[in-house]
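As a plain string of letters, each chain reads:
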Amino acid sequence: MALIEVVNFEKSFGEKVIHRDVSFYVKKGECLGLVGGSGAGKSVILRSLIGLEKPDSGQILINGVDIVPFNEQQLVPIRKQVAYAFQGGALFDSMTVYENLAYPLRAHTELPETAIAEKIHLQLAEFGLEKSIHQYPGELSGGMQKRIGLARAVIMQPEIILYDEPTAGLDPYNTKKIQELILRLKAKGVTAILVTHDIPTAMAVCDKFAFLKDKVIAEQGTIDQLKTRNDSLIQKFIEGNIL
Amino acid sequence: MSEPVDLPAMITKRFKEPLEFLGGVALLAKDTVKELRTRPFYGSLLIDQIYLVGVKSLPLVLITALSTGMVMALQYGLGLEKFGGKPYVPRLVASTILREMGPVFTSLMLAARVGAGMASEIGSMVVTQQIDAIRALGTSPIKKIVIPRVLACLIVLPLLVSIANLVGNFGGLMVGSSELNLDAQFYFRRVLETSNLKDYIAGFGKTFFFAIFIAMPSCYFGLTVKNGTKEVGIATTKAVVTASLLILTGDFFLSKLFWVIEKWL
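Protein chains in written order, with the numbering used here: chain A, 63 to 305; chain B, 20 to 284.
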């Protein structure tokens, strides 16, 4: 059974049509690479999966439940289950790294402060960021901010993670680090959707791909299935050229 | 030949933004009231905001109040001197400060300082996706961002106005005794004798409305920033202008309201 299913998704901003009749699904434990050119609307789909945007029509099923009609209050249980790793980390810049990681735990659990501190230390150790615990986001590099953003996203142990350009603008060292973290989470059975232009990372972590082109999903499937397609965009992607 | 004027389209375009603002602020106010009644309550964020709005604004408020009181005493004194009306200066200064100048000037200063700060901070949080992150983490931006700021203004502004009233009258007393040759004890006694609770309440009561006029538009314009950092500046300007206009125009209607209430009492 699909854990995430998008059915006939349509979205416009004013006169501008972004998506027409987009449908795809992701099974439990799978990682889907959502790829396409700049402005294809990849992030719009990702944001809609957690209710940050509402589609004009269509369904978004998470664990079989359509979240499109949900209000902010009804979306809370979904958002505990589905984590979103923002492109720039989206850390709260008035809080330290510790406070950033403590934020969802304090909001959604009854854990005592000692247990929260222990959880945060463990999480930061796993991400290799223990030394940054008392620093503010502004004192960290872009790569570290993204890793801490990812650490905050997964601290509630979600079933699903949505990665929005996790390696964009990073040096090879930090790209590798993020790649390893995604693979580690995948090994734990976390279902994921990865939006990226970074083809090597996508190839390394994704089980299948969906190509957004001209407002629709032009092709989808595993790499072996895609190799048989004639579309030039897909061939470029398989050859490792930038989309 | 000139093209026919599309009147409905012109009217829609002209009134779209103010109507969007009114609707948006009304919805934000509704959500704020609704979420005030539910847990969790971020007490530490409220204390942070009280410090930022209140303590940090205090020097500005003190300077404004002191100079207002001094200027008013000087102007009233010089104007009334010709008619032998100098003894009325304490009463006039006190009444004007308590009813109008204290609340209005303090609120305008706060609108400029705090309103701008709120709109730009929240707008920057929108641009850097921090507001999205609050939502994505299953929490509410209203609770975390709006409620602490609105409550801080509601708590702090009346206190600041009370302090401004005292300092403004002190400024009047200083000028009264040094420039107008009024005895300081006489001045002080006249203020106490002629000012009454109604003067104080008429001004103090307005501060709760002014607090809302500052906090709600500032939060609204901050939260509705869309297209990058350029809009943060625009939102900041809009927040300050709107809050100032609401204070100035609202003051007339609130004065009228308190006038009616005083008549009943």
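Hints are supplied without guarantee of correctness; some may be wrong.
Per label pair, the in silico range of CB-to-CB distance [what the hints assert, rightly or not]:
no.	chain 1	residue 1	chain 2	residue 2	range
1	A	Val69	B	Phe60	58 to 66 Å
2	B	Gly224	A	His259	53 to 61 Å
3	A	His259	B	Leu276	55 to 63 Å
One side of the interface only, derived from the structure: several residues of chain A facing chain B at Cβ under 10 Å [unchecked claim]:
no.	residue
4	Asp83
5	Gly113
6	Phe132
7	Gln135
8	Val138
9	Gly151
10	Leu153
11	Phe154
12	Tyr165
13	Ala169
14	Pro174
15	Leu288
16	Lys289
17	Thr290
18	Arg291
Okay, the calculated bits of chain B under chain A, using three or more residues with CB under 8 Å as the criterion [unchecked claim]:
no.	segment
19	74 to 81
20	157 to 164
Derived from the structure by calculation, the hints contain no laboratory data.
In this text the structure is predicted, and so the values were computed from the model without any measurement.
For every residue, glycine included, the Cβ atom is placed at its ideal position computed from N, Cα and C.
Right, here's what the structure says about each hint:
{"no.": "1", "hint": "Val69(A) / Phe60(B): 58 to 66 Å", "result": "violated, 39 Å"}
{"no.": "2", "hint": "Gly224(B) / His259(A): 53 to 61 Å", "result": "holds, 58 Å"}
{"no.": "3", "hint": "His259(A) / Leu276(B): 55 to 63 Å", "result": "holds, 59 Å"}
{"no.": "4", "hint": "Asp83", "result": "violated, 26 Å"}
{"no.": "5", "hint": "Gly113", "result": "holds, 8 Å"}
{"no.": "6", "hint": "Phe132", "result": "violated, 12 Å"}
{"no.": "7", "hint": "Gln135", "result": "holds, 9 Å"}
{"no.": "8", "hint": "Val138", "result": "holds, 5 Å"}
{"no.": "9", "hint": "Gly151", "result": "holds, 9 Å"}
{"no.": "10", "hint": "Leu153", "result": "holds, 8 Å"}
{"no.": "11", "hint": "Phe154", "result": "holds, 6 Å"}
{"no.": "12", "hint": "Tyr165", "result": "holds, 7 Å"}
{"no.": "13", "hint": "Ala169", "result": "holds, 5 Å"}
{"no.": "14", "hint": "Pro174", "result": "violated, 16 Å"}
{"no.": "15", "hint": "Leu288", "result": "violated, 31 Å"}
{"no.": "16", "hint": "Lys289", "result": "violated, 35 Å"}
{"no.": "17", "hint": "Thr290", "result": "violated, 37 Å"}
{"no.": "18", "hint": "Arg291", "result": "violated, 34 Å"}
{"no.": "19", "hint": "74 to 81", "result": "violated (count 0)"}
{"no.": "20", "hint": "157 to 164", "result": "holds (count 3)"}
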